[in-house]
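Given chain W, put chains P and U in place with the hints provided.
Each chain is listed here by its residues.
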Amino acid sequence: MFQLTDIPRLLPEILLLVLALLVLGSDILERWGRTPAAQLERVKSSASLTAIGLGMVLFVALLQSGYIYRLPETAPVNFFTNIIRNLQSGGPGGEPIAGAFATDHLTMIARLLIIGAALVTSLLCLDVRPSAHPGEFYALIIFSTLGMCLMVGANEFLLAYLAIELTSIPLYLLAGYFRNDPRSAEAGLKYFLFGAISSAILLYGMSLAFGAALNGVGSATNFNDLTRFDRIGTFTASSGGLITLAMLFIVAGMGYKLAVVPFHSWSPDVYEGAPTPITAFISTASKAAGFILLFRLLTKTFPAMTGSPTLDTAGGWTAVLAVLALLTVVIGNLAALPQTNVKRLLAYSSIAHAGFVVLGLLAWAAAQPFDREQGLTALLYYLFIYSLTNLGAFGALALIGQQTGGDDLTHLRGLSRRNLPLALLFTVCILSLAGIPPLGGFFAKFYIFMVGWQSGATWLVVIAVVMTIVSLYYYLRLLKAMFIEPATDLTPVSLPRGIGAALAIAVVGVLVLGIFPNLILSVLERV
Amino acid sequence: MDWLTILIIVIQCFVITLAVTTAFAYLTLFERRILARLQNRVGPNRAGPAGLLQPAADAVKLFFKEDIVPAMADKPVYLLAPAVAVIPALIIWAVIPFGCLNLNWDYQACYDPARTNLWNILQITDLNIGVLYVLAVTSIGVYGITLAGWASNNKYSMLGGIRSSAQLISYELALGCAVLSVVMTYGTLSTHEIVTQQQGGLWGIIPQLLGFVLYMIAATAEVVRAPFDLVEAEQELTGGYNTEYGSMKFALFFMAEYIKLIAVSALAVTFFFGGWHFPGLDILGREVTALAGPVAGSIVFGIVSLGAFLLKVVVFLFISVWVRASWPRLRYDRLMDLGWKWLLPVGLLNLVYTTVVIILIPDRVVHSWVLFGLGAITIAIAIGFNRTPKPIDNVTLVKDIQLPN
Amino acid sequence: MELILFLITALIAIVGAVAMLVSRNAVHSALFLLLNFAAIAVLFLLLQAPFLFTIQLTVYAGAIMVLFLFVVMLLGAEKVEDTPDRIAWQQPLALLLGLALLVVSVVVGLGGATNPPPESEALIQFSDPRTLGALLFTDYLLPFEVTGFILLIAVIGVVVLNQRGRKI
Chain W
85 MFQLTDIPRL LPEILLLVLA LLVLGSDILE RWGRTPAAQL ERVKSSASLT
135 AIGLGMVLFV ALLQSGYIYR LPETAPVNFF TNIIRNLQSG GPGGEPIAGA
185 FATDHLTMIA RLLIIGAALV TSLLCLDVRP SAHPGEFYAL IIFSTLGMCL
235 MVGANEFLLA YLAIELTSIP LYLLAGYFRN DPRSAEAGLK YFLFGAISSA
285 ILLYGMSLAF GAALNGVGSA TNFNDLTRFD RIGTFTASSG GLITLAMLFI
335 VAGMGYKLAV VPFHSWSPDV YEGAPTPITA FISTASKAAG FILLFRLLTK
385 TFPAMTGSPT LDTAGGWTAV LAVLALLTVV IGNLAALPQT NVKRLLAYSS
435 IAHAGFVVLG LLAWAAAQPF DREQGLTALL YYLFIYSLTN LGAFGALALI
485 GQQTGGDDLT HLRGLSRRNL PLALLFTVCI LSLAGIPPLG GFFAKFYIFM
535 VGWQSGATWL VVIAVVMTIV SLYYYLRLLK AMFIEPATDL TPVSLPRGIG
585 AALAIAVVGV LVLGIFPNLI LSVLERV
Chain P
-7 MDWLTILIIV IQCFVITLAV TTAFAYLTLF ERRILARLQN RVGPNRAGPA
43 GLLQPAADAV KLFFKEDIVP AMADKPVYLL APAVAVIPAL IIWAVIPFGC
93 LNLNWDYQAC YDPARTNLWN ILQITDLNIG VLYVLAVTSI GVYGITLAGW
143 ASNNKYSMLG GIRSSAQLIS YELALGCAVL SVVMTYGTLS THEIVTQQQG
193 GLWGIIPQLL GFVLYMIAAT AEVVRAPFDL VEAEQELTGG YNTEYGSMKF
243 ALFFMAEYIK LIAVSALAVT FFFGGWHFPG LDILGREVTA LAGPVAGSIV
293 FGIVSLGAFL LKVVVFLFIS VWVRASWPRL RYDRLMDLGW KWLLPVGLLN
343 LVYTTVVIIL IPDRVVHSWV LFGLGAITIA IAIGFNRTPK PIDNVTLVKD
393 IQLPN
Chain U
2 MELILFLITA LIAIVGAVAM LVSRNAVHSA LFLLLNFAAI AVLFLLLQAP
52 FLFTIQLTVY AGAIMVLFLF VVMLLGAEKV EDTPDRIAWQ QPLALLLGLA
102 LLVVSVVVGL GGATNPPPES EALIQFSDPR TLGALLFTDY LLPFEVTGFI
152 LLIAVIGVVV LNQRGRKI
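Protein chains in written order, with our numbering: chain W, 85 to 611; chain P, -7 to 397; chain U, 2 to 169.
Between beta-carbon pairs, the in silico distance windows are:
{"no.": "1", "chain 1": "U", "residue 1": "V19", "chain 2": "P", "residue 2": "G299", "range": "45 to 53 Å"}
{"no.": "2", "chain 1": "U", "residue 1": "A89", "chain 2": "W", "residue 2": "L421", "range": "23 to 31 Å"}
{"no.": "3", "chain 1": "P", "residue 1": "I0", "chain 2": "U", "residue 2": "L47", "range": "19 to 27 Å"}
Note that these hints are calculated values from the structure, not bench results. Predicted model only: the values in this text are computed from it and were never measured. Just so you know, even glycine gets a beta-carbon here, dropped at the ideal spot from N, CA and C.
Isolated chain W (complex conformation):
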């Protein structure tokens, strides 16, 4: 049952909704702004409103979570402390709202990650001009963010599915937003078709799980709450094939959303065709939200069929995930090698990274509870670093694409002589993706490998390490193009403020979190 006191717990989501409607309405007078100058102003106003609004929502979410500042019990009672107290009363903990939306530490942390990623994306978009309808463009980004926030907290099938749709539908639209560009249109259509099919598969799995749970309940009269993850987990503990089939369908459906091999074939085309800031958003926030939902689904709905990470006993979702991780790491990295388009290259690289994250999920099946917690912490840390890095990399690429007219490797040539700061920022991001110390990417990978090793998936870790070394080849090719190869065109590339700020956030984040990982690990360990 939903109660009025649940509203502060949903505050970031409600604020996101209000913001989305505001941004949507901010462009309502477009009829009077058709001159080019007026249109530029419209774009700027919508974009600034989005960025500022997302910043405020992030601040509220941060304050609510209490990770940075927690109001002491003894604080004096006045207007401001009352606000903060009320806000923090909706902080982590408590029963799931209406049984559907969990507000635990995991949700809080993931929410910060997602809103932060959306903020960086909106900064990247400050200087990108969506064709017509700027208000709708930015509003769709916020709607998608709202969907992801609901996704990470979803504790129930219906909400999980609807949150996935709320996330995906705006992304389909955003990927195909430049209708006049055939590549963008192709990306939108392809993303939509794959997304629709994968949703169907996911839904099929969910209905099978529901059916299995209903079968487990027997002839009880109340089956209203049988869509909750934990209830299904309880009632299907002893049932055999049906729930296995459901698990397979759910993993496959989520696998499409996360672009793990063999469900990845849409992602390079979509990443290439979509507007680059949107690519950044798709490859980071939506992936992170998907992983957290997958984590909840697997651990709460299918606790009885976990299996073990060492794969000494056959079966369980670990076996499925181990195969997926293996395929993803190997194929993602190998397929990235021959790419000449930087966006496609980064697309394959992010497929490969998804494989590493799956490795973190495997640790949940470890025998020791300590290893499990370490696994989750490592997974979250990896998601944070990966999101920051990828946002930076795609952001830099967005700027390069916009100013040099393409995003092939040849367009990167001599970037160091055209704009050295940009080249350096890009380099940091790429090195972090490759996992070079002391950047965040190194520690994230190290942590994941360590956890994987401890929980027993040794052979998988060995392959992953080898593949990391392989990946150095294609990452370094990017650096070679920027610093060594001669430029064909020496006109300087300018660095606008919005993208500059986004890149700075990403690079500073990667550096600081890489050198002082304890800053964030102390928070992540609360999960």
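Showing chains P and U alone in chain W's frame:
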């Protein structure tokens, strides 16, 4: 369910099907005579006394016409379409209460909301989702016309089919809104219960004046009657979707259209005009029961309620003919404008009115009249808005179309 | 009696689905799908869920398929183009895998249902429109509201993708 119940249901279905088919035949005569009178003509009066055998003559003519299937038509679909058109028009009658003849011989059970001891022979079935059933059946009514238009392989038919699918989908929403506000007012989806709740003179039109107006417009469009009969606009589409149909297949389309007209009139009576209620009906039932026993009481009650219902339906049919004689056909873009920009928003507004007023004012009589006032004001405002002349129409002439390069 | 009805309806549903797949004419496919939807609606009725029956008819048969037909007719796209598949091994492989999945599902599904289904009294109470409405506005309020936003986004999407983009 024993075999006797099944037998009775079968007989009920049979009788109702025959009855509505006959009603269709005489509706055509009724319409032609009234139209003639309204247009200062005489109308068909040669076959039989006052032209009463005219429908029979028409039927014989249609039966003996040659049955042609166009060579390039999609034959299975072409043959299927008339049947698909007729079936929804017939099965919609399953939930309409014509009256209340209780075979358990107790006329007062008709008013009992719990429906214990009620075996109403004048309604085939009283579903707990009766209104939704009506909406579901009307929503599949579009297929006959659309498929006929497509399968004929004729551009005029095709245009008629496309027009029909767009028009019917658009007006279905307004129809749904109007019907749902009735459901909200009475808090039930059962048609029988909606009728019994209108006992005592407070008919549905009082709380749902706005709903009634919306229902009449949307229902007229839903059965593609004038002034919304663009689907078969003779001047533009020769005959519309049924251009290529002749003989009995044409008759089936004709039949479907008129039966649907009778059905929506019957539903209008059920929802807004008290169904089979009539002032003094329960006094009659009581007196006859006292005078001649419960059996005679229920039979008289049933027959009188049936008569009241039919009388009301005939009034609606007359209004429909009157509208057809009076109003010119709408232009297609105006039709879409009306459906989406006026009826649907006003319908949603009506849902809001109904919810808010019923929650705020629990007393039935008071909230009915408050809703009546709100509805009247809204209608007045809407008509006022529409009276302002529109200097420019948003129509692009063909010669002005600029093709994108 | 109920079993016979079920078997007939299920057979119609399967025939409709298969015919939808193999039909070479888009309008025929749509009609077979309609047949399938109608059969599914009747199956809902057999499961004591009249509300779902009407919703299935109204939403799928009455709205979605009409729009399908409308688009197919408007575009005149009812004939399937007979271009050969560029990847020849794809179709047989897909058929094989689909068949394997079917077999696995049937075996698992038949073995999976160990308990008898809930009593029909419970089902009738569960599928009552009043109960469903109450559930939607209490326990499932959050998903219900989210559905509203999804529909809003769909509307925005239609508007955005359909208006000819004016370049800035």
